[in-house]
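Asker: The chain contents come next:
6 protein chains.
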Amino acid sequence: MALTQDYCVADLSCSDTPAGYPCKASVGAGDFAYHGLATAGNTSNLIKAAVTPAFVGQFPGVNGLGISAARLDIAVGGVVPLHTHPAASELLFVTQGTIAAGFISSSSNTVFTRTLYPGDIMVFPQGLLHYQYNAGQSAAVALVAFSGPNPGLQITDYALFANNLPSAVVEKVTFLDDAQVKKLKSVLGGSG
Amino acid sequence: MALTQDYCVADLSCSDTPAGYPCKASVGAGDFAYHGLATAGNTSNLIKAAVTPAFVGQFPGVNGLGISAARLDIAVGGVVPLHTHPAASELLFVTQGTIAAGFISSSSNTVFTRTLYPGDIMVFPQGLLHYQYNAGQSAAVALVAFSGPNPGLQITDYALFANNLPSAVVEKVTFLDDAQVKKLKSVLGGSG
Amino acid sequence: MALTQDYCVADLSCSDTPAGYPCKASVGAGDFAYHGLATAGNTSNLIKAAVTPAFVGQFPGVNGLGISAARLDIAVGGVVPLHTHPAASELLFVTQGTIAAGFISSSSNTVFTRTLYPGDIMVFPQGLLHYQYNAGQSAAVALVAFSGPNPGLQITDYALFANNLPSAVVEKVTFLDDAQVKKLKSVLGGSG
Amino acid sequence: MALTQDYCVADLSCSDTPAGYPCKASVGAGDFAYHGLATAGNTSNLIKAAVTPAFVGQFPGVNGLGISAARLDIAVGGVVPLHTHPAASELLFVTQGTIAAGFISSSSNTVFTRTLYPGDIMVFPQGLLHYQYNAGQSAAVALVAFSGPNPGLQITDYALFANNLPSAVVEKVTFLDDAQVKKLKSVLGGSG
Amino acid sequence: MALTQDYCVADLSCSDTPAGYPCKASVGAGDFAYHGLATAGNTSNLIKAAVTPAFVGQFPGVNGLGISAARLDIAVGGVVPLHTHPAASELLFVTQGTIAAGFISSSSNTVFTRTLYPGDIMVFPQGLLHYQYNAGQSAAVALVAFSGPNPGLQITDYALFANNLPSAVVEKVTFLDDAQVKKLKSVLGGSG
Amino acid sequence: MALTQDYCVADLSCSDTPAGYPCKASVGAGDFAYHGLATAGNTSNLIKAAVTPAFVGQFPGVNGLGISAARLDIAVGGVVPLHTHPAASELLFVTQGTIAAGFISSSSNTVFTRTLYPGDIMVFPQGLLHYQYNAGQSAAVALVAFSGPNPGLQITDYALFANNLPSAVVEKVTFLDDAQVKKLKSVLGGSG
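Protein chains in written order, with UniProt numbering: chain A, 1 to 192; chain B, 1 to 192; chain C, 1 to 192; chain D, 1 to 192; chain E, 1 to 192; chain F, 1 to 192.
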């Protein structure tokens, strides 16, 4: 996006617009820095992984600047399940551990997979299904950047099984078996 | 996108660029019209539905113009399975029959569903999971427009089960059972 | 446009911005569907045609999504007079009847014309003069999509003859005869 | 447009793309300067005016930079007839003489007119019909800038009367009388 | 930028957004014209030059239109010191006098310089360091257009020496000598 | 940028375009990963720092995706001198050591500075002057992401003193003393 001012720190108390939030009136250096990625996310959960965002909602300084960030912590055996970012491409830097990652093209359902080690980077194009999981014997950490201030995160399992979309509809549109759908709805807290 | 010329009919013999194909040197009125959506797609298939695209690959006249189209035929009992368009929003016009449609937000996994009748339109935001199925007793037809010349179509089932992504990885990143994954790989032609 | 949120249904009570309206706080499935194109427009008028818009003003769900729609009804003998859409390209699907359509390039004043039948689509590049008229013996209907949420519609005749632009100025900038200008101002309700 | 390189001087020998021409391999300072607007255009013509462009075709250095220019010479009694730029907004600086200018909105056919003197600037939004004519007793000159490298110039009269669009169609889509259409086709060199 | 309305005159009493200011509710022809560039800027200053802006802050009519302007007055011996426009490319028309101008590429620090005479134009790509100075024996004047409504102006000397950035930091990041830094801080009013 | 395909790995053997390089015909997973940031850059140089880029030229997979990366190594006492990225905003993650960073606004020459520790992130808006230096007692490392595939890097000192821009011109446009300019030209390899 062409900038129309030096910066536009989000005033989160205002309504969002298609190009981002209105600009906060008074800003200081603290608006352009963020400390929230310094601490590991809590991986004591179902997926043994945590995505800690520094999107516009957490870090208003990125508003209008076409970029944002996140931290990825993946315990041994953990996984960031199949997901997309509808509104940005992702660039992942591995800082610790071993991560297996992959994405799938829309045109031909081609799979692109890599095992990544500290210092490696990988890019995941906007809107395409992808995943990351810990492929090593120790905790893995990655820093992630996005090509927009609010990339979104749509985890396929949560979209299907963590809400009230009726099981019959889920089965109709995914060809999954009824037992499978109900099992995952139960695990992820969905109803219907 | 700001236009930088009146039109730029795609020269599909050239390499694509991030903004679309290079422009064909010599054009006529026929380059701006397309007849391929006049005929119903063949719905004698697994999903009892057909998506007939008029994207830049079929209709080079839309190159650079920020728009494209498709035709949707859904037989009784048919479904366009859960999918996304990574590179465009979709606007659907029902011209015949009854279609149940829905999409899921990324932010909160909220489900938005509607039953649509002839003359109804519905919009599906870029990159979000959505579906359409025939909710009536007769064939349904819809015309679909996209906010880009090449929206892409990523059907979740095909991304997971119609390629060589190993079953163990699919299970790891989706929490689906092994039997379920192998069953669908078998149906959709995947390996691994 | 890159999205900066899943969707941004227009809050039409707020001021517009260069990227579209601020987002409505609370939304439901009804915000993403629209019924207003299901009914034929009234063609009992001077041009024997009606353009029924589903732009952001009528269908706030398209705000920020880069797409919108309209319905075109053209009675026998009717015409959508020469016009442009300053802010979007147009894609037209004929659903009924026969429509003659054309557009004119800016670079060389080249004319591109087609006769279109049910199922045919045609694209009209952003900002270029074009027209559609009923070329058959029965009513014609088309569904139209645009590459932006608010394409605008500037009908050349209305721009010249339906306002208070002085006849002398109209004549100066069009080379039309005074009698012709005054005749059309009278028909279209202009003054001066 | 976000730049993806410092500059991209057009290689006009290549095919254009939706974002502009491919970049020339070797460039020098001369590629970024242009002398063609230093000389008055020839106003010994029908409209007693001349538009001298410095668009990407004449001044390849503007390719990809979102800007271009032109010089406007209008003799006493001259006029730049009603026209649009489909692909850019225009900013006009008067450097000599007196110019009457106006544009018409699409939404409500509202007319915005001004008489401009040396040093005045006026902006004409992308795609809207506008005109300029000499409103003084001496030659007028203006420098014009555009918000894109190739704004286009569609003069309504030339689009209607300087090509082979059949008179019957012109009359159908403009409600102009047959005699008027044929008179202007004759003046401007059109056929049909 | 794709327009989403005919025009959007800035309401400067509202907060800015990443795409520009919200639109003023009621507008007239006067909103699209500006007289402030008709008068020479005051060049009785340190740089013997004046930049008179017609950016969105002075000329709200350019909001959302991707263009703005300025006037440059350079007395004999005057200079517009090394600077960038972070948010737009610049196109300069010389109307009077002789101007030496140059810009420097980022990729290879290549220098592109030209001496410009009345009628000459030169383009300076977005974000690159450039300068203009009077290379003749009389006052020079230029009209300048930008590819955005609010291009910004970052004069390197003022960024370094006209604020409270500590001298030690300036020296650290520029390798300038302490005496040089303190001398210029004194001239330009900086502290620290 | 709206994508017009899933991905468009740069074919660096083709001419660049304003939107990026044409797409490579055949791609694999290796095109989307890059190992070049795993190794520390060589800081045995004048600035005791190294910027190792993963821009489109080194990592063609980012072409068209609106993102790229770099690694920053700063030895004790080292500095990344005052610079801009003309074509992208920057987001910096500190992974090791202590970094003092700052940027300067264009509007008011306001300075925004922070001392950053491991885990901290800071954003530097597109086109604005900024710097980073080691503010600790051990080597510092940062991973950097950019909001575009080819952000550019214009170091002010190199732009002024590492080329053939004549000393007299440098002095004219910066007000630096002749001795200072010649000293730095000598250090940085410039002539003139």
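Quick caveat, the hints were computed from the structure, so don't treat them as lab data.
Treat the hints loosely; a few may be bogus.
Since copy identity is lost for identical chains, a pair holds within one copy or between any two.
Capping the alpha-carbon separation at 27 Å, the derived lysine-lysine pairs in DSS-like fashion look like this [unchecked claim]: (1) LYS24 / LYS182; (2) LYS48 / LYS172; (3) LYS172 / LYS24; (4) LYS183 / LYS24; (5) LYS48 / LYS24; (6) LYS182 / LYS48; (7) LYS172 / LYS182.
Asker: Please go over all the hints and tell whether each is borne out by the structure.
Answerer: Evaluation of the provided hints:
For the identical chains of this complex, LYS24 and LYS182 are neighbours neither inside a copy (46 Å) nor across copies (34 Å), given an alpha-carbon limit of 27 Å. Within a single copy, LYS48 and LYS172 get their C-alpha atoms only as close as 30 Å, which misses the 27 Å cut-off; across copies the closest is 12 Å, which meets it. In this assembly of identical chains, the alpha carbons of LYS172 and LYS24 never lie at most 27 Å apart, being 46 Å within a copy and 32 Å across copies at closest. Taking the closest pair of Cα atoms, LYS183 and LYS24 never come within 27 Å of each other, the shortest separation being 46 Å inside a single copy and 36 Å across copies.
Taking identical chains as interchangeable, the C-alpha atoms of LYS48 and LYS24 are never at most 27 Å apart, the minima being 37 Å within one chain and 36 Å between chains. Proximity of LYS182 and LYS48 under a CA criterion of 27 Å is satisfied in both settings, with 22 Å inside one chain copy and 25 Å between copies. Both within a single protomer and between protomers do LYS172 and LYS182 lie at most 27 Å apart by alpha-carbon distance, with minima of 13 Å and 18 Å respectively.
Comparing the model with each earlier hint shows violations of hints 1, 3, 4 and 5; every other hint is respected.
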